[in-house]
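Asker: In the order they appear, the protein sequences are chains A and B.
The opening residue of the first sequence carries number 1 in this note's numbering; numbering runs sequentially from there.
The opening residue of the second sequence carries number 1001 in this note's numbering; numbering runs sequentially from there.
Just so you know, the hints here were simulated from the structure itself, not pulled from any lab data.
Glycine residues also receive a C-beta, built at the ideal position from the N, C-alpha and C atoms.
Mixed in with the good hints there might be a few duds.
Here are the simulated distance ranges between beta carbons [to be verified]:
no.	chain 1	residue 1	chain 2	residue 2	range
1	A	R137	B	T1024	54 to 64 Å
2	B	G1146	A	E139	29 to 39 Å
3	A	G673	B	L1132	55 to 65 Å
4	B	R1039	A	R137	30 to 40 Å
5	A	G718	B	P1067	35 to 45 Å
6	B	G1105	A	P228	21 to 31 Å
7	B	K1161	A	S303	51 to 61 Å
8	B	L1149	A	P228	27 to 37 Å
9	B	A1068	A	F145	48 to 58 Å
10	B	L1132	A	P305	33 to 43 Å
11	B	G1105	A	F138	22 to 32 Å
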Amino acid sequence: MTIASGSEQTQTDLVDVVVDDINVRVPKGTLVIRVAEQMGVEIPRFCDHPLLDPVAACRMCLIEIDGVPKPQPACAITVADGMKIRTQRTSPVAEKAQSGVMEFLLLNHPLDCPICDKGGECPLQNQAMSSGRGETRFEGKKRTFEKPIAISSQILLDRERCVSCARCTRFADQIAGDPMLELLERGAQQQVGVADDAPFNSYFSGNTIQICPVGALTSTLYRFRSRPFDLVSTPTTCEHCASGCSLRTDVRRGEVTRRLAWDDPEVNEEWNCDKGRFAFRYIRQDRIESPLVREDGRLRPASWPEALDIAARGLAAAQGRVGVLTGGRLTAEDAYSYAKFARVALRTDDIDFRARMASDEEAQFLAALVAGQPLGPTYADLDAASNVVLVGFEPEDESPIVLLRLRRAALKANTRVWSISASLTGGLAKMQGTWVPCQPGAEAQVMDDAQKDGSDDAFGAALRTPGAVLLVGERLAGIPGALSAAAALARNTGARLGWVPRRAGERGALDAGALSGLLPGGRPLTDPAARREVSDLWGVQADELPRYAGRRGSVPIAQSADAVIVAGVDPVDDPQGEQLMAALAGDRFVLSLETHHGPISELADVVLPVAVDAERAGTYVDWEGRSRSFGTAISGVTTVTDSRVLAMLADAMDESIGRGDVMELRAELATLGHWTGDRMSAPDVRPAPPAAGGLRLASWRLLLDLGRMQQGEPHLAGTARPTEAVMSAATAASRGLTEGSLVTVSTPDGSLTLPLRLDEVAHDTVWLPMHSPGCSIVQDLGAVPGDVVEVVPGGPR
Amino acid sequence: MPELPTAVRGFGVTFRTMFKRVVTEQYPEAAAKYPPKPRFHGRHQLNRWADGLEKCIGCELCAWACPADAIFVEGADNSEGGRFSPGERYGRVYQINYLRCIFCGLCIEACPTRALTMTNEFELADNNRTDLIFTKEDLLAPLQAGMVLPPHDMVPGFTEKDYYAGKVIGATDTGSATDTAKEST
Ligand code: SF4
Ligand code: SF4
Ligand code: SF4
Ligand code: SF4
Ligand code: FES
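Kindly produce the complete structure, drawing on both the sequences and the hints.
Answerer: Now the structure itself:
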């Protein structure tokens, strides 16, 4: 028997070992426990985890090796040529050792199973049955601890149940890079703990609950809510960001009770972030439950036929002067339906999915380099990269799985990470990255300078190494010239270019053609061949498709239309949200397809309720361009998707765009595939001249903030970063500001008071969270990153 | 001798039986004469501690053991001012579906706190399905003398261990335990 993946393994890589009298050949350096696993022999274990470094802390996996006097831990011993291994299957010594360890583990273990969340899926329960003895021989008093203690507002620790396996501490240290958990004390008193002043506020804390082999770590959210046999599980994709995590959604009696990270080695491995794990109660809150129509200035519930009829007439009356704003949270199928509906039923190309900071330069950048491009760069490319340069992108907050991958690549594979950013963040430090200080707004200039002849910018040289990757964040759209500079930088250095948006639906919407000038698959609207391919599939004449690229940006689209369809747009995400609201409040017909009540549904003429993603099947496309399909988890409020509503609307307008069902839409998208013809050229916008003087505002959205889909999760919100202003010591000193004191940040439009922290920040720059409790730079300051702000000591006068 | 017609012979059986001892019991008139045996598996009951707190901890072990999937339980946290059982956890929702229950008693064996036991009550008929799903209110044992209706605090100075050790013999004499709860807040 030979265990080796593929036949590329050369003879020298393989060693011969005997496990339970069976000869096997395995790659050198394999852990004994893995060899046994592959042979179908399960050695009991607690501390062993394939993604963590071995520690041999629990001693549960003891096995016998010929010639070694004492039983050895299978999870920490690698095979050597000629090794003769006996597991509990054939070795009484191993069996006795394991049962002895189990007896020790249970000495101080409480008889807690009836009130323990792990009961029913507990490795300790299972292995006590398989490797333990039936009856206890212990007559002493068990060690007890106060229980449970909250190590963060979300995570509770029952120290009595802990088997000191160090999985949680190793995860926090090795994977998340938040070493806030530590094993304290010795002997029977050994326990997991946090420092009194440093709760376990890691963005990845929920993973420790999932990998804890006992019920020592539980979440406030799931505590006592269910048993594993009550749950119906559905594989889903996280809707909270563009990382594309594979999740498992567990449902009890139609309600989502918890979400777990699911195993996808190519994307999230076995991890996810706390937002994806814990933020799901928005599904039930404040939902729109029936169609609403406006009558005498007020919205009233209406039947579907009535609402569809009014909507259809409103759209028809606009005679092509219709705009479509689709937000960045729709599934790829829905975005495609909007793209098709706009072009076929509304005969308009005024469609834009970017309900956020956006520019024409960005649209051109996306059309030229991102839309409908095949997969890549991928997570695996990050693993293998020599150098990765981040611009306008803070992975820990904006795409946390990218942080985990880059961190591992930096620590284990010598990938060097560079970040052109206003501050040296904790996230960059975790990746042992190199900080290229850059005042907000100057990113374009910095990238341009690196391309100049004779430039000695180290990151420029790094990008020239083979396998280098340049990752740009969606935020660069707000900095004129930055995306042009990034495109040129990638072209001139040969680095691969990746665009990382923040929302889960952005890449899918882009690929589906929900942006003016672009048909699905990245096809230029003005290219005759591209028009033909699309019109053939859609069953229309090529000349029936809009002839010229439409308007771009939510405000221009809304202002010039007589009717607007708005779906999944939150005006607080958009620096021009106020103008957008003003335009929508004006004298035009507004049709809102929404899941939740919100500012836009409040002022719409017709509101049609649609399903959230737990209630329907769909696909998100992650930042790599990878399709991440998911199934329906609950029946919930409604099963009607945006696509289905658009199909019904088209019918009511005597047009046809199909039935709007997911399988049909996926088939259409697959038929169209990627565009291989000519594309628009990359933008060439010159950076704005460096502005003189003043203090610049740097900002991005934190992972946990006031986001709409995190509402109703106080325990999760309790683990968020504090709201504070951050500055460099020199900048602060020059303005007479001190660490920890209150400062007031102001613009002509408003001011904010918050505590100041000193850290590594570019000169003359102040960093604020974009949309956190007590600090929303758009609403409170009317500012966007790169703007000039004033900072003075003290509170409001 | 000629045989009597069979129809007439049949009536003979009827006639003879009229003079035999009656074995049929009248139900419900004479039901009291034959109470069920003490270990008869009848309707379930959710028991209380001596001070009225509930014994059920919402662990779902009964639901897990049930071969007929007749039990539905949802646990919840006991909170300050909202205590229903000693310890951290109580059964917030408890239902037994008597259209499904086969009275096997496995749930009783599974219950770790003796919260669930069976009474001898067997008169479980109704004319609709909904009423045969018994809820926690239907199943909870009535309050005995000395018990106070939860939610209320544990008896002052006692922990859940004392309850399990049988040390709690009633609500405190200083008024009801509810009053104690009020005082301590
Ligand atoms: S960790 Fe496992 S064995 Fe321990 S109390 Fe919980 S369910 Fe029981
Ligand atoms: S809390 Fe859980 S994961 Fe952490 S050491 Fe204890 S048993 Fe292991
Ligand atoms: S008596 Fe048997 S069938 Fe009835 S609820 Fe209990 S376990 Fe289920
Ligand atoms: S009745 Fe007993 S077994 Fe059932 S949930 Fe309550 S405590 Fe657990
Ligand atoms: S699994 Fe090997 S020592 Fe813990």
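Asker: For every hint, state whether the structure bears it out.
Answerer: Going down the list of hints, with the structure as the test:
no.: 1; hint: A/R137 to B/T1024: 54 to 64 Å; in the structure: 59 Å, holds
no.: 2; hint: B/G1146 to A/E139: 29 to 39 Å; in the structure: 35 Å, holds
no.: 3; hint: A/G673 to B/L1132: 55 to 65 Å; in the structure: 57 Å, holds
no.: 4; hint: B/R1039 to A/R137: 30 to 40 Å; in the structure: 34 Å, holds
no.: 5; hint: A/G718 to B/P1067: 35 to 45 Å; in the structure: 43 Å, holds
no.: 6; hint: B/G1105 to A/P228: 21 to 31 Å; in the structure: 24 Å, holds
no.: 7; hint: B/K1161 to A/S303: 51 to 61 Å; in the structure: 60 Å, holds
no.: 8; hint: B/L1149 to A/P228: 27 to 37 Å; in the structure: 33 Å, holds
no.: 9; hint: B/A1068 to A/F145: 48 to 58 Å; in the structure: 39 Å, violated
no.: 10; hint: B/L1132 to A/P305: 33 to 43 Å; in the structure: 40 Å, holds
no.: 11; hint: B/G1105 to A/F138: 22 to 32 Å; in the structure: 31 Å, holds
The structure shown violates just one earlier hint, number 9.
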